[in-house]
Amino acid sequence: MLVDFQNDFCSPEVAGDGPVTNTHNAAAARRAHRFAENAAELGAHVVYTQQVLDFSALTPRQRRWERADGLCVAGSWGAELFLDPVPGSSVVVKHRFDSWQSRPFVQFLETRDIDGLVICGVELICCVLYAVLGAQERGYHYVVPQDLVSGQDFGDETDNKAARDLLRYSRPEHVVDSGDEILARWRSSA
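Mapping of the sequence shown onto this note's numbering: residues 1 to 190, in sequence order.
Hints are computed from structural coordinates only; laboratory data are not their basis.
Hints are supplied without guarantee of correctness; some may be wrong.
[What the hints assert, rightly or not] Computed beta-carbon distance windows for the label pairs: (1) 80 to 23: 31 to 41 Å; (2) 60 to 190: 22 to 32 Å; (3) 80 to 43: 38 to 48 Å; (4) 67 to 188: 42 to 52 Å; (5) 55 to 13: 17 to 27 Å; (6) 55 to 187: 27 to 37 Å.
[Unchecked claim] Lysine to aspartate or glutamate pairs mimicking DMTMM-like chemistry, simulated, CA-CA at most 20 Å apart: (7) 161 to 173; (8) 161 to 147; (9) 161 to 177.
Glycine is no exception: its CB is placed at the ideal position from the N, C-alpha and C atoms.
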């Protein structure tokens, strides 16, 4: 599963008011893309979740916290995927950071009888964390390769560290250092 590798989260050109802050996300997206290519060759289903801000798809409570010029606005360059999906993969739209709120995402898993997830993506403090918590709550097997998740550069000592620590210390059995470890296991069992 690949989470929110979109221009607004990954492009080094998107910097907000400060200096460029997305180099970590761009690098993680590229590593995850290589992982996805290898995983697909080994027969894994690859799904990209694409956050699209569409006010008509939000509840009134959700709408009050969003801005019309926010992240991943429907039809914008920022909502487009940062890298082209790997051949044979699927893209499902979600309207919030939490992929589990996306009915197409849940249906993708259900119709393919998927029970295990490799969670990759950005941002650690929202999209990745929600994906992990949702998988855990719903009883999915999952693993989070630390080299395939990221957060913006300025969060290294704060947000990113806190999310990584939560993943490492609350469920260490679900964390691996690299996607290469997973690919090696899959190759040896094939």
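Tested hints:
Residue 80 and residue 23 have their C-beta atoms about 19 Å apart, which leaves the hinted 31 to 41 Å range violated. With their beta carbons about 50 Å apart, residue 60 and residue 190 fall outside the hinted range of 22 to 32 Å. Separation of residue 80 from residue 43 is about 28 Å and departs from the stated range, judged on CB atoms against 38 to 48 Å. Distance hint check: the CB atoms of residue 67 and residue 188 are about 48 Å apart, consistent with the given range 42 to 52 Å.
For residue 55 and residue 13, the Cβ-Cβ distance of about 25 Å falls inside the hinted range of 17 to 27 Å, so the restraint holds. Look at residue 55 against residue 187: about 45 Å separates their beta carbons, and that is not inside 27 to 37 Å. The straight-line distance between the Cα atoms of residue 161 and residue 173 is roughly 18 Å, inside the 20 Å bound, and the hint therefore holds. This hinted pair checks out: residue 161 and residue 147 have alpha carbons roughly 13 Å apart, not beyond 20 Å.
The hinted pair formed by residue 161 and residue 177 meets the criterion: a straight-line CA distance of about 15 Å does not exceed 20 Å.
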